[in-house]
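Chemist: Make a model of the complete structure from these sequences and hints.
From first to last, the protein sequence lines stand for chains L and S.
Residues in the first sequence are numbered consecutively from 1, following our numbering.
Residues in the second sequence are numbered consecutively from 1, following our numbering.
Hint data in this document are derived by calculation from the structure and do not stem from the laboratory.
Certain hints may be false.
[Unchecked claim] Partner residues are not named here, just some residues of chain S that face chain L (Cβ under 7 Å, in silico):
| id | residue |
| --- | --- |
| 1 | G35 |
| 2 | F94 |
| 3 | K120 |
| 4 | P193 |
All C-beta atoms, glycine included, are put in the ideal place defined by N, C-alpha and C.
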Amino acid sequence: MDRVKTGIVGLDTMLNGGLLPARPYVISGPTGSGKTILSAHFLLEGLGQHEPCLLVTLDEPPIEVKSNMATFGWNLDRLKILDATPDIRAHKRQRSVIDVGTALDVRDMEDVTEIRQSSGIRALEVNVHSVQKMIKQEFAHHLERTKERYKRIVIDSMTALKMFSMQGQDSRVLTQSFLRFLAELESTTLIVSERLDRKILETEFFLSRGEIRLHKWVDGSVVRRAISIEKFRGSAFDDKMRPVSITDKGMVVYLDGPAQTRVASAGPIAGESLLETRLIDEVSNVIESVMKGIEDAHRRQVPIRDVEVSLSRAMLAFQRRNYRKAMKIALGCDSDLKERLRQAPPAPPTAIPPRPPLVAR
Amino acid sequence: MTAAAKIRTGIAGLDKMLHGGFVPGRPYIVSGPPGAGKTILAMQFLREGLEGGERCLFVALEEPPNELKINMRGFRWNLDDLDVLDANSDIRRFEPTPILEISTEEEPIKVRALGDRIRKTPDFESKEVTVHSLQQLLKTLLLKRNYERVVIDSITALKYFCMREFEEAVTTQSFMRYLAESKVTSLLTLELPEEGEVPPEAFLARGEIRLHKLRDETGIKRFISVEKYKGSSHDEFVYAFDITNAGIVLNTAA
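Modeler: Here it is as structure tokens:
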């Protein structure tokens with residue numbers, strides 16, 4: 001099947017050629033990790049192929065998007081941009097609050113010159129319904145004018161859309177409906193979403209057909225970035241985390257760069273104490289070292305099945321966030337295993353020489 | 001129960017972990033975070049049934065059937081005779097138009113007859129799937145077609161999108177109860193958050209197979225464990241598995 005290229009060479013390789021067409025995907029990551037830049041690459045690639053592309057912006061006014069992208073020297077003039085940023089909310093009670101759907105504002109990027117002023121009399125309310133209606137109208141207009149369907153759509157961002165208009169219980173149903181709507185358009189869609197809490201299962205993450213995750217963390221005094229594919233329905237993919245940098249030409253993914261380690265626990269995760277974070281770090285180090293030891297033992301044919309069984313318990317305890325218990329079991333495994341390996345005969349000469357056992361920090 | 005009376009899951013290593021397979025006629029849960037391989041496992045379960053000439057039903061609540069068909073092409077499994085019920089709700093209407101509940105007359109479509117493009121929401125009406133209508137529909141279908149294996153993908157979608165006016169915990173429980181009474185062997189997929197609490201649905205079935213997804217510097221590592229299995233002994237160990245061209249393959253060589 002034809003793949004839809006993202007416009008970032010390394011990412012396309014990770015995706016086994018690109019995204020599968022006509023499906024919605026999620027781009028996730030913390031603020032400043034490069035989600036909008038990645039989507040701009042995706043749109044730029046489309047424009048280069050003479051495909052109609054639409055950016056629905058909810059976070060930043062078009063003029064800001066335009067000037068941000070100009071710093072990379074990209075020409076996004078032919079991009080259609082749909083301004084769904086909410087107006088300054090009028091505080092006075094008004095007779096009519098019109099929603100955005102009735103005041104469609106789609107422009108070519110080249111016509112974007114200034115920020116739209118909030119109307120003095122009526123304020124634009126943004127909600128899922130109005131955004132959906134806007135996209136639908138624009139889709140129909142475009143089809144009528146040019147006999148072409150939009151091939152690529154970016155929604156930037158789902159987080160904003162949810163914050164503006166989906167606070168009720170219906171937010172799951174509205175998100176489901178919105179994703180269904182996007183899927184029925186049969187465009188390849190990128191939905192930008194900030195993951196707010198790993199413990200909560202957000203609808204768009206399991207309904208989307210794939211998730212590309214951007215990572216950003218501080219390592220000493222430098223900011224490091226990486227990219228990973230967490231889910232990709234219907235395709236094989238590169239499951240390693242790859243280093244990323246943002247250069248003056250945009251985002252670059254390095255496929256042969258050094259392996260990334262310990263990203264998940266690099267910074268304190270919101271809501272967790274520093275102590276717990278350190279404990280998580282240490283447990284995962286021990287588990288990792290035991291796993292390496294087990295590999296080693298297999299190679300040297302040392303029987304260690306009981307160690308494997310208790311390691312599996314440690315991992316389960318870890319997953320259930322029972323870190324103390326996990327630590328206890330994992331340390332037991334570690335010392336057991338080291339003892340066993342010490343007593344065992346050295347590896348047969350044909351095998352790869354065993355790596356030195358890793359010592360837990 | 002002896003291994004002979006159990007039915008096979010379609011994954012050799014998993015059968016071994018379950019000491020033979022599933023006790024037939026009961027509901028089971030496959031849980032795991034997004035991208036762990038739940039749908040693939042469920043497909044292998046159905047494929048095993050199809051190969052033995054059983055009637056099998058896949059109830060799709062997360063993915064449109066056309067995409068499911070395309071996604072499974074890579075495995076080169078013969079799923080032509082699998083029935084797929086499209087239980088994805090349409091785009092919701094915001095105007096006060098009548099909402100049609102998914103009809104109890106709705107028919108599953110065989111995989112071989114599935115088209116390549118997504119079904120479109122009609123202009124003037126919108127189909128909504130509620131847990132109530134789905135249960136009615138399943139009842140009719142099970143009577144009429146005598147399914148032996150049923151997959152619900154996923155119970156999370158059912159809970160999130162189809163229980164608007166129902167109390168979630170009680171309704172989920174009663175849905176599982178219905179499946180147990182219907183005497184069909186069913187597999188329900190359950191989405192887990194990446195960390196933290198396991199949702200309560202996991203505890204309602206007769207057994208839970210959990211897929212784990214851990215990331216380290218070599219990439220994503222996948223593991224499988226049997227968390228619970230009523231009425232049978234099972235393997236306590238957690239095994240690593242890979243998703244290959246032949247689907248899920250357990251690393252039981254160790």
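Chemist: For every hint, state whether the structure bears it out.
Modeler: Hint by hint, here is what the structure shows:
The beta carbon of G35(S) comes within 3 Å of a beta carbon in chain L, closer than 7 Å, and the hint placing it at the interface holds. A distance limit of 7 Å between C-beta atoms decides the matter here; for F94(S) the minimum to chain L is near 4 Å, and the interface restraint holds. At about 5 Å, the closest approach between the beta carbon of K120(S) and any beta carbon in chain L falls short of 7 Å, and the interface hint on this residue holds. At its closest, the beta carbon of P193(S) sits 4 Å from a beta carbon of chain L; the interface hint therefore holds under the 7 Å criterion.
The structure fails none of the hints (numbered hints given earlier).
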